[in-house]
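Chemist: Single-letter residue listing:
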Amino acid sequence: MRDTTTYGTADARWALEARGLGKRYRRRWALKDCTFRVPAGRIAALVGPNGAGKSTLLNLATRLAEPSAGELRIFGAPADAPGTMGRWAYLGQDKPLFKRFTVEQTLRMGRELNPGWDQRAAERIVRSGQVPLDARVETLSGGQRTRLAFALAFGKRPELLLLDEPMADLDPVARDEIGSLLLSEAAEHGTTVLMSSHLLSEIEDMCDYLVVLAEGRVRMAGEADELVPMHTLVTGVTEEDALPAALNAHTVIEVRTSGRHFTALVRRQGPLQGPWQLTEPGMEEVLLAYLRSPGAPALLSPTAVPGHREESAA
Amino acid sequence: MVVFRIERRSGMPAYLQIVHQVEQALRMGALAEGDKLPTAAQVAATTKVNPNTTLKAYRELERLELVEVRQGSGTFITRSLATPQTAPESPLRGRLGEWMREAREQGMTADDVTTLFDTVLGEAYPGIAPRPAHVPAN
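Protein chains in written order, with the numbering used here: chain A, 61 to 374; chain B, -10 to 127.
Mixed in with the good hints there might be a few duds.
[Unchecked claim] With the C-beta cut set under 10 angstroms, the calculated list includes, among others, these residues of chain B facing chain A:
#1 P2
#2 T35
#3 L44
#4 K45
[Stated by the list, open to error] Keeping only pairs whose Cα atoms sit at most 25 angstroms apart, straight-line, the calculated SDA-like set for lysine to any residue is:
#5 B:K45 x A:V365
#6 B:K45 x A:E262
#7 B:K45 x A:A72
#8 B:K45 x A:E344
#9 B:K25 x A:G250
#10 B:K45 x A:G239
#11 A:K155 x B:A34
#12 B:K25 x A:S240
#13 B:K45 x A:H249
#14 B:K45 x A:E264
Hint data in this document are derived by calculation from the structure and do not stem from the laboratory.
It should be emphasised that the depicted structure is a prediction, and the values quoted were computed from it without experimental measurement.
Here a beta-carbon is modelled for each residue, glycine too, at the ideal position from N, C-alpha and C.
Excised from the complex, chain B in its bound form (with noise of 0.2 angstroms):
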């Protein structure tokens, strides 16, 4: 079962956190189509976190057509953002791995690697929001 994480003083509402992390988790296959997400409950046992909360960030998930609450038995993941070039087996993914691994031979930090990448990324996908880091969007 996912287990969510949250960051108290991200400044991240929580909720938007628990969102963030199942479409992460959805995007690397983590979770897929039929899967359970836990029960609010459940989520508060392991992450104390409120259970309205989680109930925000479903409903929400909801709205993206990512799951579907069946009144009753919980609440199911529908589709999957999974594609096979995420996949750890994929081309793409084990390009990027070697590029990584020639960045650290190389002497680059992590936030080197990082601010390059992002860079990189504005290059090649003109118009996207910087990544949010620690600030939500609104």
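Same shape as in the complex, but just chain A (with noise of 0.2 angstroms):
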């Protein structure tokens, strides 16, 4: 490292970095060797199964946790520089509020508690909800509640949202209403975020940008619109109950037989050739076929790779 003092030369345009990242509880390592990049302006999704190693990575770049290993940088300064931490937000899937405080002194905790804040952003949020403001945290829905996190969160006017399953525990109306307000004001403002959550259409609808784990270790890594159509769906008949070996060109993620008749997903090595229907996977095809196939090979666009850019000439 040639410049650990100063980060105003820091590169920006990557809002998290994370190289070799670990993380070991006791004999475990809840995330290993974990190298990705998300580039700032991303709405960001953070995929993967119970245990995967989700929260561990929330919890390092919010610095509830130490890495065991490895470096995580937050645009382009580490995790732990001074000056970071105003840089992000961070809803934890609880979303903690105090419950006896009234919307209006929720609100004036952000205030007093951020110098940056934007009171008229935050009571936008709330407003634009119908949430009163002298009602008690303890009466509000599951909806009004999660907007009030929101707008404590984006009052703050973060650079980078980390969100831990935002939507998980709304009803269909408040997750709509709720990921329109998320995308709308990360607009605005030019906010990257990274969410987790186990919706996989929701993040179809909403993210432009994966990092998928798996048993601690990155799975997938980059810009959805170029990971998704990198792999088709065949379908055909097997060779003496194998898959056919011509499809051994390809990387085959994940395979399901049903007597004679095969699919697969694959990642395309070339042109597919053979006596096989080919199928376009949606987004959420390619999720799930990583998220069965943890053995499978990691797959990372260019832009997921730190290191793969034009490092600057100073």
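With the hints as a guide, bring the two chains together.
Modeler: Next up, the structure:
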């Protein structure tokens, strides 16, 4: 590292950049050898089964935990550098709020605690959901509570918003409303978003960048637009109870057979030729295949690979 | 202001749907030169579309020289695709309207009409690809 004291020259094009990042709890590695990055301005999804390391990663970014290996940078500066904390906001899955506070008191708390607080933005978010300012938090519906938590998060004017399962406990109407709110506020302020979620259809609608974790490792990272079209769903007939040898030239992520019939999700390594039926999978199908096959080779698009950039000549 | 409608299961990328809807609105005269397109934040608020998707669509429209992105003020329509023939009062449109009413009176369904229309369209404009009902060209 040439430059460890001033971060004014740090590369702010990457909201999040992990190199060899790992976290060990006693003997178990919750996160191991994670290398990826998320460009600024994206709405990124953090996807993986329970226990894949999603929360660990969010904990490392928010300094609720210290890495056991590697490094994590936020807008080019180390996660533990002074000043980095002011650049992100984090909303945990349980959306902790003081139950006895009113909405107005909650916003006041945000104002008193955050130097760059944007009261107008916070109030707009609360008001557009018809949340009464004098209502106590404990009387609010799940959707209203989430809205208030978002108002706190966006009121901080973060450059990076980290969300742990933001929609998990919402009914469909509230989910749609909060999803629109998140996207429009992020667009308004150019906020980078990294949200963990199990709702694959939600991710398909909202996110343009993917970070897929399984068993503590990165399985896939990059632009959704680039990653998804690299895959093809192949349906055909097995040869002697095995996949046709011609498919071996490609990376087979997942195979399902029923009788002599097989369906395989493959990453093409050239033209696919054979007596098969080919279909283009959607993002949800690709994500599911990777989640079910943690042993499949990892896939990172060039933007997701740290160091894959033109280093400045300084 | 135009409100985009994104068909999630159509198989067509969302940004292309926005491009097509703007083109359609231009042909129908619903959008004209100088009109401002909604910002990415407005589109997200009404339709839950990823802002980068909207920006990608606007870049594509800019490439097609249909809009101009003015830094700080928004995205504006620079030319119209409407022809006199597509206006509500045009004779061609009037005759097509009459034809449609006649088809319906004779008991044709919307699907029958669409099929017949596509066939005749193909005869009149040889070489055009079938209309992209659900599947993108690429």
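Chemist: Indicate, hint by hint, whether the structure satisfies it.
Modeler: Going down the list of hints, with the structure as the test:
Taken as an interface hint, P2 of chain B checks out: its beta carbon lies about 8 angstroms from the nearest beta carbon of chain A, inside 10 angstroms. With 10 angstroms as the threshold, the beta carbon of T35 of chain B comes within range of chain A, its nearest partner Cβ sitting at about 7 angstroms, so the hint holds. About 9 angstroms separates the beta-carbon of L44 of chain B from the nearest beta-carbon of chain A, less than 10 angstroms, and the hint is met. Annotation: K45 of chain B was flagged as interfacial toward chain A, and the flag holds, the nearest CB pair being 8 angstroms apart, inside 10 angstroms.
Of the supplied pair hints, the one linking K45 of chain B and V365 of chain A holds, its CA atoms being roughly 23 angstroms apart against a limit of 25 angstroms. Restraint check for K45 of chain B and E262 of chain A: satisfied, since their Cα atoms lie roughly 20 angstroms apart, inside the 25 angstroms limit. Between the alpha carbons of K45 of chain B and A72 of chain A the distance comes to roughly 22 angstroms, so the proposed pair stays at or under 25 angstroms and holds. Simply put, K45 of chain B and E344 of chain A have alpha-carbon atoms about 22 angstroms apart, close enough for the 25 angstroms limit, and the pair holds.
For a cut-off of 25 angstroms, the pair hint linking K25 of chain B to G250 of chain A stands: about 20 angstroms separates their Cα positions. A distance of roughly 20 angstroms separates the Cα atoms of K45 of chain B and G239 of chain A; the hinted pair therefore holds under the 25 angstroms criterion. Proposed proximity of K155 of chain A and A34 of chain B is supported: the alpha carbons are some 22 angstroms apart, at most 25 angstroms. Under the criterion of a C-alpha separation no larger than 25 angstroms, the hint pairing K25 of chain B with S240 of chain A is consistent with the structure, at around 21 angstroms.
For a cut-off of 25 angstroms, the pair hint linking K45 of chain B to H249 of chain A stands: about 18 angstroms separates their Cα positions. As the CA atoms of K45 of chain B and E264 of chain A are separated by approximately 16 angstroms, the hinted pair is consistent with the 25 angstroms bound.
Every hint from the earlier list agrees with this structure, and none is contradicted.
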